[in-house]
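A.B. asks: Chain B: place on chain A using the hints.
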Amino acid sequence: MSAAFLSYAFLALCLFYLQNLVYFPHVHLRLLALLLFYVGLRPSLALSLALALVLGALQDSFATTPFGLHLGAALVLVAAARFFRQRLLWQHLGSQVLASLVALVLQEVFMQVSLMTVGYEGFFFKDLLLHHGVEILGTAALGPLMYLLVGAVETFLRHFGWRPGNEPSQYQPFS
Amino acid sequence: MRPRLRYRTPLLIVLAILLVFSVLSLSLKQSPVLKRVEGLVVTVTAPGLQALEYLGRSVKRLWQDYFNLVGAKQENGQLRQSLEEYRQKEVRYQEAQQALTRLEGLLDLKRQVALPVIGARVFAYDPSLWSRCALIDQGRAQGVKTGLPVLAPEGIVGRVVETYPQYAKVMLIVDRKSGADAMVQRTRVRGILQGKGGNRCSLDFVPKSADVQLGDLVLASGLASLYPKGLVFGKVTEANKKNPGVFQEIEVTPAVDLSALEEVLVVKVANLTLSEP
Chain A
1 MSAAFLSYAF
11 LALCLFYLQN
21 LVYFPHVHLR
31 LLALLLFYVG
41 LRPSLALSLA
51 LALVLGALQD
61 SFATTPFGLH
71 LGAALVLVAA
81 ARFFRQRLLW
91 QHLGSQVLAS
101 LVALVLQEVF
111 MQVSLMTVGY
121 EGFFFKDLLL
131 HHGVEILGTA
141 ALGPLMYLLV
151 GAVETFLRHF
161 GWRPGNEPSQ
171 YQPFS
Chain B
176 MRPRLRYRTP
186 LLIVLAILLV
196 FSVLSLSLKQ
206 SPVLKRVEGL
216 VVTVTAPGLQ
226 ALEYLGRSVK
236 RLWQDYFNLV
246 GAKQENGQLR
256 QSLEEYRQKE
266 VRYQEAQQAL
276 TRLEGLLDLK
286 RQVALPVIGA
296 RVFAYDPSLW
306 SRCALIDQGR
316 AQGVKTGLPV
326 LAPEGIVGRV
336 VETYPQYAKV
346 MLIVDRKSGA
356 DAMVQRTRVR
366 GILQGKGGNR
376 CSLDFVPKSA
386 DVQLGDLVLA
396 SGLASLYPKG
406 LVFGKVTEAN
416 KKNPGVFQEI
426 EVTPAVDLSA
436 LEEVLVVKVA
446 NLTLSEP
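Residue numbers (our numbering), protein chains in the order written: chain A, 1 to 175; chain B, 176 to 452.
Simulated from the structure, these hints should not be mistaken for lab results. Bear in mind the structure is a predicted one, so any value in this text is a computation, not a measurement. Careful, some of the hints might be misleading.
Unchecked claim - DEER-style ranges, computed between Cβ atoms:
hint: 1; chain 1: B; residue 1: I188; chain 2: A; residue 2: V27; range: 29 to 37 Å
hint: 2; chain 1: B; residue 1: Y241; chain 2: A; residue 2: T155; range: 33 to 41 Å
hint: 3; chain 1: A; residue 1: H159; chain 2: B; residue 2: E250; range: 50 to 58 Å
hint: 4; chain 1: B; residue 1: K235; chain 2: A; residue 2: L129; range: 31 to 39 Å
hint: 5; chain 1: B; residue 1: W238; chain 2: A; residue 2: A152; range: 23 to 31 Å
hint: 6; chain 1: A; residue 1: F156; chain 2: B; residue 2: G405; range: 53 to 61 Å
hint: 7; chain 1: A; residue 1: F160; chain 2: B; residue 2: A399; range: 55 to 63 Å
hint: 8; chain 1: A; residue 1: T155; chain 2: B; residue 2: K204; range: 40 to 48 Å
hint: 9; chain 1: B; residue 1: K320; chain 2: A; residue 2: A141; range: 42 to 50 Å
hint: 10; chain 1: A; residue 1: V109; chain 2: B; residue 2: N243; range: 48 to 56 Å
We put the beta carbon where it would ideally sit given N, CA and C, even for glycine.
Chain A with its partners taken away, still in its complex shape (with noise of 0.2 Å):
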């Protein structure tokens, strides 16, 4: 599991040095939320929670809000993958899409709720609401290539005879 987590958390740390040198300030994308329902459809829930703490933890400290917000939203992406990965057909990239835009659009109830409970004025930001909503949508529609960049960070992993824990190992002949 620690390969793939370093792998993931490397490629987290990638993606978030990417929306600030390139995107910020023009483009606004969820990129790391995204990454983390992505690698919640998988196997591992401890691999999903240990990169949830620790994306959590690298949004926290870059932003102004209380620490522990992006630490429960983390959580809250984790828990929206796992109940979708039990019950949806994960074959078709469309289902796919269309829970991890529920999955945001959780998120972002909990950060407006727990804003709101610590004191942060104006219950659902109305006046930024059209851009989170954008930045949702984007985000969103941008879920087929993470798929395809989760799925080729483990077919890369795979390379050096990494399997996820609940996968059988390779079959040994004897020699």
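C.D. replies: Leaving out everything else, chain B in the frame of chain A:
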């Protein structure tokens, strides 16, 4: 289903909720443990950002220099002609430059006496829409402290909210947590400049009877010594008196482009009182 697996999901949910609420409540109490975690994450991840930002800047400069070289041959002939003319002007220019250097030295000295500052480079932002802050490459080691105001040549940028050994986090004036006493330059009407996220602020608690017009400059009032008095926050871009209530709705656009900051100044003094502009 085995009992261990049956209780796994509810247990995980309870643990996750406990974790989130514990961390959030610790954060609201300004827990030093969380500050250390935050400092550690920033210290580990910021050098990468800083290096990539530097690399990007260098590549951009190199690329621009390359294009300059392509056009250089054609320009060469024209420049030779111009050179003779400019030689004549050079003597006068040098005289003027010497005078300027002297005056700049005096001005710098005056500034240093009034406000001791540290120059810093902005190398990262919070890329999300949830907060507006930037990271600068000067930290505790260079004498940066929490609460110090940060300025750009065009006006006020924000203030330091977190310091790390080599870095500091600056909350921009448009952040939703940012609030400061401000006044309209023309009429001296006061209000609270509140960050609204995105790239906007609002001037709150200004009575409808007060005279505020589009284009009015909004300055720091110096109250509570958060920002140096008389420095520019921004310009009034919307003033609405038709809303319900006793106060106007005033939108202020910052004077500084807060999404494209490069070099900033951190003012090192605790008590900020400047002479009237």
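A.B. asks: It remains to establish, for every hint, whether it holds in the given structure.
C.D. replies: Hints, one by one, checked against the model:
Between I188(B) and V27(A) the beta carbon distance is about 34 Å. The supplied range of 29 to 37 Å therefore holds. A C-beta distance of roughly 38 Å is found between Y241(B) and T155(A), which places it inside the suggested range of 33 to 41 Å. Checked against the hint of 50 to 58 Å, the C-beta distance between H159(A) and E250(B) comes to roughly 53 Å, which is consistent with it. K235(B) and L129(A) have their C-beta atoms about 35 Å apart, which keeps the hinted 31 to 39 Å range intact.
A hinted range of 23 to 31 Å for the beta carbons of W238(B) and A152(A) is consistent with their spacing of about 30 Å. Distance hint check: the CB atoms of F156(A) and G405(B) are about 58 Å apart, consistent with the given range 53 to 61 Å. Between F160(A) and A399(B) the beta carbons are some 58 Å apart, a value that agrees with the proposed interval 55 to 63 Å. A C-beta distance of roughly 45 Å is found between T155(A) and K204(B), which places it inside the suggested range of 40 to 48 Å.
Against the hinted window of 42 to 50 Å, the Cβ-Cβ separation of K320(B) and A141(A) comes to about 44 Å, which satisfies the hint. In this structure the supplied range 48 to 56 Å holds for V109(A) paired with N243(B), their Cβ-Cβ distance being about 52 Å.
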